[in-house]
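2 protein chains.
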Amino acid sequence: MIDPKDKNLPKIDVEDSQATEHVKVSRRLFLGGSAALAGIASTLGAGMGSSLLSSSAHATSGADSTVGPGELDEYYGFWSGGHSGEVRVLGLPSMRELMRIPVFNVDSATGWGITNESKAVLGENAPLNGDSHHPHMSMTNGSYDGKYVFINDKANTRVARIRCDIMKTDKITTIPNCQAVHGLRVQKVPYTKYVFANAEFRIPHPNNGLNMDDVPGYYTLFNGVDAESMDVAWQVIVDGNLDNTDADYTGKYAFSTSYNSEGATDLAGSMKAERDHLVIFNIERIEAAVKSGKFITLPGSDVPVLDGRKGSELTRYVPVPKNPHGINTAPGGKYAVANGKLSPTVTMFQLDKFDSLFDDKIKPRDTIVAEVELGLGPLHTAFDGKGNAFTTLFIDSQVCKWNIEKAIHAYNGESVDYILQKLDVHYQPGHNHTSMGETRDADGKYLVSLQKFSKDRFLQCGPLHPENDQLIDISGEEMKLIHDGPTYAEPHDCMIVHRSKVKTRKLYDRKDPTFAATITMAKADGVDVYTQNKVIHDGNKVRVYMTSVAPVYGINEFRVKQGDEVTVVVTNLDQIEDVTHGFCMVNHGVQMEISPQQTASVTFTADKPGVQWFYCNWFCHALHMEMRGRMLVEPA
Amino acid sequence: MIDPKDKNLPKIDVEDSQATEHVKVSRRLFLGGSAALAGIASTLGAGMGSSLLSSSAHATSGADSTVGPGELDEYYGFWSGGHSGEVRVLGLPSMRELMRIPVFNVDSATGWGITNESKAVLGENAPLNGDSHHPHMSMTNGSYDGKYVFINDKANTRVARIRCDIMKTDKITTIPNCQAVHGLRVQKVPYTKYVFANAEFRIPHPNNGLNMDDVPGYYTLFNGVDAESMDVAWQVIVDGNLDNTDADYTGKYAFSTSYNSEGATDLAGSMKAERDHLVIFNIERIEAAVKSGKFITLPGSDVPVLDGRKGSELTRYVPVPKNPHGINTAPGGKYAVANGKLSPTVTMFQLDKFDSLFDDKIKPRDTIVAEVELGLGPLHTAFDGKGNAFTTLFIDSQVCKWNIEKAIHAYNGESVDYILQKLDVHYQPGHNHTSMGETRDADGKYLVSLQKFSKDRFLQCGPLHPENDQLIDISGEEMKLIHDGPTYAEPHDCMIVHRSKVKTRKLYDRKDPTFAATITMAKADGVDVYTQNKVIHDGNKVRVYMTSVAPVYGINEFRVKQGDEVTVVVTNLDQIEDVTHGFCMVNHGVQMEISPQQTASVTFTADKPGVQWFYCNWFCHALHMEMRGRMLVEPA
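Protein chains in written order, with full-length UniProt numbering: chain H, 1 to 636; chain S, 1 to 636.
Looking at chain H on its own, in the form it has when it is part of the complex (with noise of 0.2 Å):
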């Protein structure tokens, strides 16, 4: 394993630019084995080349996830919180979770939901819930490319960015005009521009009230949101409703499942048909349309919406079997595949026949090179980047591994068996990725199932169970169950991504712009927050701004009158590493993080009178239990 300290490290860990060749390395290891590890020492100068070599050499050899004391884990995962309305950070092979990044939730360890920082970027009268589902990292020309991580909420019909080098969540969009966000990917090339999101339920509209029962005029609708500004690009109407999407590799193209193309209301009615469908997407049509503003808008927002229903231009509709879900497009480009769920089949399309079905040249099921039939419950696809697929069968549970060539090869006649493998995973999984195998540089080397349900895998823990994430390697040509991981309130996806492709800072710029409000604030009042400690009363307002260095506030007394709305603004001066403090007005609901360089603040009213005490929540310190103060309230 890496040595971290080593000090040719930060040259693999920092720089994008040694990814690729990070890819290409652990590749030739794969396949040159101990002969190739010789040359790559040699070629890549000694430090660096020693780290990769411990680093894969142990990827390779896969017997099981230890990552030893002080090791350092080979890949980010990044973990969507499911109904906790968070996404987490783990590191692979150990699975640990390194960070926990509030997003759709309220965080009482970060004050997220309680900051006026995050209250800006949440919104007034934010819920307290999220259902955070699909977590994607932006990408260029097909690789991650380490900006952003976006994340839906499908409980309150939201879109959300974190910036991958503070790893907080900056920009939060509510998708108008429908419900429930579901399905959520990128644009993979030529960069993300596009966020496509999936509204899953069908809806009126308007959806005033005076036409629900009007179930056939029921419509949802496909989103772009831009990936900089997170503002609604444009809506297309579908028909049939939205579970999951995938973009192509040409940046032409995106599509959609849909498990109810029958518009029904209820389960019976929604699995009715033998067949739904794939809709897809043609982006430059869609552009080009909202260009030359053939749109129309709906009540309550100026988003150009755009009809994307059979019959136009935009869309083509591909009848795929009974109720699909995951659709999972392969790391080469050529090929995507749609999971049958409720039919055995998992349907595969070669994405260079799109073009020639928007052109009306061929018909939609010839974009199908092949139907495969799995095992019960097919719901999600992942790829080794070495022409196999992994498929989650829900009901079995089981992985399933098939070769791709060899699948085409049987749906043409010829009589080959592709199932290569069946694993027993435990139990009933959903999700299922490879090792950086939703980008152009999959590497073959870990898969991750995540299970539904624990059952008896774990100490039990009353009813309710934990998830099981289980982690599986890939690399030779069996795979190896090497990891069970107890996982809390359904991590509903995730995305494995390689270090080299994540910097981050380990002290906040202070042009950091998620505080460049309130530095706006405090110019305003006259204070420099770097450098003063000054409060000021602003009629029945009061705004006290401090400085924070291990172990004491630059202020630690100060008076205001009873029912005084007091914003407390704490600036963290600490350099160092890791020094993080915390700001907690004790019975009054109020705590926040402030990690080294940041500024943070929050508001809250001094409704008690009498000493109110406040205190550092964040260990910065051997005295850190003395660092607290005393706020003085006047009685009214």
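Careful: at least some of the hints might be erroneous.
What the hints assert, rightly or not - Dumping the calculated EDC-like pairs for lysine to aspartate or glutamate here, alpha-carbon to alpha-carbon at most 20 Å:
#1 Lys506(S) / Glu577(S)
#2 Lys310(H) / Glu287(H)
#3 Lys534(S) / Glu565(S)
#4 Lys608(H) / Asp214(S)
#5 Lys480(H) / Glu71(S)
#6 Lys455(H) / Glu71(S)
#7 Lys534(S) / Asp266(H)
#8 Lys455(S) / Asp165(H)
#9 Lys506(S) / Asp456(H)
#10 Lys506(H) / Asp456(S)
#11 Lys406(H) / Glu373(H)
#12 Lys503(H) / Asp165(H)
#13 Lys561(S) / Asp214(H)
#14 Lys252(S) / Asp307(S)
#15 Lys310(H) / Asp359(H)
#16 Lys511(H) / Asp528(H)
#17 Lys455(H) / Asp165(S)
#18 Lys561(H) / Asp213(S)
#19 Lys455(H) / Asp509(S)
#20 Lys561(H) / Asp214(S)
#21 Lys455(S) / Glu577(H)
#22 Lys608(H) / Asp213(S)
#23 Lys272(S) / Glu262(S)
#24 Lys386(H) / Glu477(H)
#25 Lys406(H) / Glu371(H)
#26 Lys334(S) / Asp359(S)
#27 Lys608(S) / Asp213(H)
#28 Lys608(H) / Glu557(H)
#29 Lys480(S) / Glu71(H)
#30 Lys503(S) / Asp456(H)
#31 Lys608(S) / Glu124(H)
#32 Lys455(S) / Asp509(H)
#33 Lys455(H) / Glu577(S)
#34 Lys480(S) / Asp424(S)
#35 Lys503(S) / Glu577(S)
#36 Lys193(S) / Glu287(S)
Worth flagging that the hints you see were computed from the coordinates, not collected in a lab.
Start from chain H and add chain S according to the hints.
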């Protein structure tokens, strides 16, 4: 390791009667090695014997923390979630997080802070934050009894109780007349009648804003909370402030450290004295004083308040070196140690001398039998039950293993080196804990050291770093570091409980008090929630009673008027372990957990007209996504 399919497993897994036997067995194993194993297998019967064998053999070999796929951990760890406000359940030795228990926080996943049942526990207008510190399990005769875990909230001055059978919080008490509950422990003998809770900050009484500058007149209170009713039984006024607390093994005494005997309000002031103190509370005398009516009450509560300041019969004050922090009773019950923080000194008390101290036969410092110099920043001490102690050295970033008897000899002037080993930890340790080490069943297998900083030990996640909980094998002569565990937002403290001590329910009992009030409401509406699906219109209030059986709700469509206050009550009829359902009303901030055989309810306003979808947010079935329905809201 344990084979979960072993039919004999439940015997040791769920029966308390095996617990003490376990400890005896593992000690014999430790002493006797493989010869002992054979004997035990024959005395205990083949099935259970072999389970114990494999489990204990692993723990004794102790080479690493690996718990293979499907293998069960040997210990439950109950971790405070620090300023995340929650409690976490970990498995040891794998250090995997098995479950989160929402306590003082809002939890999007389960709807804690959103559902009616959780609001009844949290109270009206509960804060969104908490700062949970010290989890401790209820005890009988000095052993864990598996009934409750108690935890304090420093941020909003509360004490909570978690039921271990369902691993949910069932009571939260706000401590009156206080700010910031810090130290918390339970009475160990004869049973946990009281939970002892230290209020840290000295404040004026009454705290009405008229006496804020009379700092010498400030005081704080030591609290006895009735473990069953969760009412505050009594409060004791003390000199100085209060930090950590512990209790003895006779049930007669509790004792707390004070880092601010000076009563200062600033850092310099609270470091002035070379000695602060340990204050010892005489529980029998406190109970007698309450009984005899010798108490006052403070405004805003009728809790009996006793004066335990210097000179009182209820307390004794023992001077100990500078700003002591942790106070820890050794498993044998003979000694307790106070950790000096700003002094390298750990002070050891012989607890059977406390009777004489309270009878004024000896002086306070006559209770001290050793003063141990270990290194810089001693904060907390744990014990292996074999005569050794393990003290965290915050500034040195080390754990120091030392021998109790040798320390006494040294204090008596003998030339003895009591320090056995110092082990580097990474970095700055706070609390530490041995397996079962806070009970008379200490088994000397594992030590967990909770580090406040992780710095370079994990992949970087931006300016905020995880903490680092390290697992150390202490079964041999030398401590061995075997695992680094990243954790979120200061897991301040933990405790390590053998799995035989914890019995959990797999399904809710339909008579569970958690939802009894909801059942009463249903009965008043004439509804049997277990058999009926019914909508009750009551003016502008609507109560929707529905069942759930994967993958359908009993009601998939109901009508209300815009502005109605809607209460949805869901009863999960599934009887299969792990089949938890959710209920999420899209765009309404409403979400909740309904585990098998549970009833849960949530109230919200139907403020938007038109079709409003709800769905099951806890994955339950292959047709989980199809488990949904519509609230039809007629416009106002």
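Structure-based check of each hint:
no. : hint                  : verdict
1   : Lys506(S) / Glu577(S) : 6 Å, holds
2   : Lys310(H) / Glu287(H) : 18 Å, holds
3   : Lys534(S) / Glu565(S) : 16 Å, holds
4   : Lys608(H) / Asp214(S) : 18 Å, holds
5   : Lys480(H) / Glu71(S)  : 16 Å, holds
6   : Lys455(H) / Glu71(S)  : 13 Å, holds
7   : Lys534(S) / Asp266(H) : 18 Å, holds
8   : Lys455(S) / Asp165(H) : 16 Å, holds
9   : Lys506(S) / Asp456(H) : 11 Å, holds
10  : Lys506(H) / Asp456(S) : 11 Å, holds
11  : Lys406(H) / Glu373(H) : 13 Å, holds
12  : Lys503(H) / Asp165(H) : 6 Å, holds
13  : Lys561(S) / Asp214(H) : 18 Å, holds
14  : Lys252(S) / Asp307(S) : 18 Å, holds
15  : Lys310(H) / Asp359(H) : 15 Å, holds
16  : Lys511(H) / Asp528(H) : 13 Å, holds
17  : Lys455(H) / Asp165(S) : 16 Å, holds
18  : Lys561(H) / Asp213(S) : 15 Å, holds
19  : Lys455(H) / Asp509(S) : 19 Å, holds
20  : Lys561(H) / Asp214(S) : 18 Å, holds
21  : Lys455(S) / Glu577(H) : 7 Å, holds
22  : Lys608(H) / Asp213(S) : 16 Å, holds
23  : Lys272(S) / Glu262(S) : 7 Å, holds
24  : Lys386(H) / Glu477(H) : 11 Å, holds
25  : Lys406(H) / Glu371(H) : 11 Å, holds
26  : Lys334(S) / Asp359(S) : 19 Å, holds
27  : Lys608(S) / Asp213(H) : 16 Å, holds
28  : Lys608(H) / Glu557(H) : 16 Å, holds
29  : Lys480(S) / Glu71(H)  : 16 Å, holds
30  : Lys503(S) / Asp456(H) : 14 Å, holds
31  : Lys608(S) / Glu124(H) : 17 Å, holds
32  : Lys455(S) / Asp509(H) : 19 Å, holds
33  : Lys455(H) / Glu577(S) : 7 Å, holds
34  : Lys480(S) / Asp424(S) : 10 Å, holds
35  : Lys503(S) / Glu577(S) : 15 Å, holds
36  : Lys193(S) / Glu287(S) : 12 Å, holds
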